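*Asks:* Chains A and B are the protein sequences, given in the same order.
All the letters of the first sequence, read from the start, carry residue numbers 9 to 421 under my numbering.
All the letters of the second sequence, read from the start, carry residue numbers 1371 to 1477 under my numbering.
Honestly, the hints are just simulated from the structure, not real lab data.
Since we're looking at a predicted model, the values are computed, not measured.
One or more of the hints may lead you astray.
As the list claims (entries may be wrong) - Facing chain B, a subset of chain A residues (Cβ under 8 angstroms, in silico): (1) R29; (2) D73; (3) A78; (4) A323; (5) Q337.
Unchecked claim - Reference excerpt, derived from the structure (chain A facing chain B, CB under 8 angstroms, subset only): (6) Q49; (7) P51; (8) P52; (9) R70; (10) A74; (11) V300; (12) W328; (13) P378; (14) F381; (15) V383; (16) T389; (17) S407.
Every residue, glycine too, gets a C-beta built ideally from N, C-alpha and C.
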Amino acid sequence: MKTVVIVGAGQAGSELAVALRQNGFSDRILLVGAERHLPYQRPPLSKAFLRGKVEQEALRTRALDAYTNAGIEVELDTAAVAIDRRTRSVALADGRMLRYDKLALTTGGSPRPLRFGSGHVAGRTLHHLDDAIALRQELQSGGTLLIVGGGFIGLETAAAATDMGIAVTLVEAQPRVLARTCPPAVSAFVEREHRNHGVDLRTGVSVRSVAQRDGALLAELSDDTVVRADLILTGVGIAPNDTLAATAGLAVDDGVLVDAVARTEDPDIVAAGDCTRQWHGFLGRSVRLESVQNATDQARIAARTLCGKPTERFAAPWFWSDQYDHKIQMAGLPQTGDTEVVRGDPSSNSFSVVYLRNGIITGLHAVNRPRDFTVARQLVTARAAMTGDEAASEDLPLSELVKRHQSTAERRA
Amino acid sequence: MPEIRFIEADGTPHRVEAVVGQSLKQAALDHLVPGIIGDCGGCASCGTCHAYIDEKYLPLLPPADENEEMILEGVPASRTSNSRLTCQIPVTADMAGMEVQIPDTQF
Ligand SMILES: Cc1cc2nc3c(=O)[nH]c(=O)nc-3n(C[C@H](O)[C@H](O)[C@H](O)COP(=O)(O)OP(=O)(O)OC[C@H]3O[C@@H](n4cnc5c(N)ncnc54)[C@H](O)[C@@H]3O)c2cc1C
Ligand code: FES
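Using the sequences provided together with the hints, build the complete structure.
*Replies:* Written out as structure tokens, the structure is:
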């Protein structure tokens, strides 16, 4: 009887366990997670869950019965503290040792901590369900919120809190929000919407120091203003949880290093999700991705590798964000140097930005254009040819380009 | 708990005792049915829960809204008149015996 131990019971861990069964592995599977909750989806934590629109049970990736019926042993509230590759065993925080034949690391990431000045008042973060439960409760009782960081989590939280009637100030050190991930047109749209909803949004501004006075927090900003808030939330990105791997002597470089089929350098250990830096089969470059799609897709790949059926990925990565009533969806992973072409009117509520490189579509960011998004995902995956004029032309639906690409591909075949 | 039959693209059937009120997508995930992915968790953003619904049962379902229609337009498997996003369909008692055909790809 062989044993697969999976460390980290999040989106990737849950998917990996299930995918092992789906690929015919019938021996022992042990899924070990540090949190007290069954594997759950994080995206709603800063969206519907924070607003009180969905409850905790609805966040589970799968019901408890799904694991039980599939013979997957789930150990919650149990952190793994060390890996001994020589004896192939994992030490748990409660002192137990688990022997493995194959090990999967799906430990995710942790929010980067931010401390302000000499006062050492740390901002709160929103990463775990327990963070969200606490934050939701506090927001429900009113007050003011200062959010540091204009990335997706900060912005989504600003939208949810504003909808709940909270006065929100959001500061972003870069000249625009979402500077790392989105084109300027999308940043401008998002900034406009937040301001329209009453968020005091300031870009190019950082927090110098925070002091505590009369139960409130006083944040001194780099523009010499002071913001008073009941609560400070920081959203400045995550660091991969790769220490367990590094301590066991596995190669890490801001993420556990894995190849295109989720293998670490140890033939008995795979890794998937936010904790990895991977050679991406579709992109053909090394990347660290933080998304559900990456986590679940890579987890299925890791499971296939463990079952002796390694297959590289072939699809373009994608991501989404919901803010207020707006859907922002992204296909592909554009690089600096790709040409940006805007489709539609960026001052309206519905437009897209297409990315092109050497006449090939490499990505698309859609604002309230689900049709552009899903079609572009196919076009990017197919590495379809497209001119700048075609990308910009509203008269030419992207779906026509899919048809054209398919017929060219058939003619070539 | 109505019994729903999910059928993989290669013909492999899966009988699922679905819970009334949960989505068809969740019923598939909770029973380890391969081929229904559901990455966006059911917020109709990703289209990876696409499936073909038994024609006979279509009239029982809430119609697709505009957003679902647009997502369906871009799904990679062929889109037919009975294509739906399974995350947008709550399971009801009268779905007993319904067949759900899973497409050959979601990416
Ligand atoms: C608020 C929020 C909103 C998000 N919104 C989106 C979105 O809209 N779209 C999107 O695509 N992505 C979104 N993401 C990102 C997405 O949730 C992650 O990319 C995804 O969860 C990664 O899955 P994972 O399994 O790698 O890590 P996780 O889901 O983080 O799971 C890792 C698990 O491993 C556990 N663990 C760590 N170390 C150990 C150890 N030593 N022993 C045992 N257990 C351990 C952790 O406690 C955790 O439970 C969001 C994330 C957050 C926090
Ligand atoms: S789960 Fe994403 S669209 Fe249904």
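*Asks:* Run every hint past the structure and note whether it holds.
*Replies:* Evaluation of the provided hints:
1. At its closest, the beta carbon of R29 (chain A) sits 6 angstroms from a beta carbon of chain B; the interface hint therefore holds under the 8 angstroms criterion.
2. Contact between D73 (chain A) and chain B, as hinted, is supported at the beta carbon level, the nearest pair being about 7 angstroms apart and thus within 8 angstroms.
3. Of the supplied interface hints, the one on A78 (chain A) holds, with its beta-carbon coming within about 6 angstroms of a beta-carbon of chain B, less than 8 angstroms.
4. Below 8 angstroms, beta-carbon pairs count as interface contacts, and A323 (chain A) has one with chain B at about 4 angstroms; its hint therefore holds.
5. With a cut of 8 angstroms, the hint placing Q337 (chain A) at the interface with chain B holds, because the nearest CB-to-CB distance is about 6 angstroms.
6. Proximity of Q49 (chain A) to chain B holds as hinted, the smallest CB-CB distance being about 5 angstroms (cut-off 8 angstroms).
7. Given hint, P51 (chain A) at the interface with chain B, holds; its Cβ is 6 angstroms from that chain's nearest Cβ, closer than 8 angstroms.
8. A least Cβ separation of about 6 angstroms between P52 (chain A) and chain B falls short of the 8 angstroms threshold, and the interface hint therefore holds.
9. For R70 (chain A), the shortest C-beta to C-beta distance to chain B is roughly 5 angstroms, which falls under 8 angstroms, so the interface hint holds.
10. At about 5 angstroms, the closest approach between the beta carbon of A74 (chain A) and any beta carbon in chain B falls short of 8 angstroms, and the interface hint on this residue holds.
11. Interface hint status for V300 (chain A): upheld, as the beta-carbon distance to the closest one in chain B is roughly 5 angstroms, under 8 angstroms.
12. A least Cβ separation of about 4 angstroms between W328 (chain A) and chain B falls short of the 8 angstroms threshold, and the interface hint therefore holds.
13. With 8 angstroms as the threshold, the beta carbon of P378 (chain A) comes within range of chain B, its nearest partner Cβ sitting at about 4 angstroms, so the hint holds.
14. With its C-beta approaching chain B no nearer than about 7 angstroms, F381 (chain A) sits inside the 8 angstroms limit, and its interface hint holds.
15. Using the Cβ-Cβ criterion of 8 angstroms, the hint placing V383 (chain A) at the interface with chain B is satisfied: the shortest such distance is roughly 4 angstroms.
16. For the restraint placing T389 (chain A) at the interface with chain B, the shortest Cβ-Cβ distance is roughly 7 angstroms, inside the 8 angstroms limit, so the hint holds.
17. About 6 angstroms separates the beta-carbon of S407 (chain A) from the nearest beta-carbon of chain B, less than 8 angstroms, and the hint is met.
Violated hints: none; the structure is consistent with every hint.
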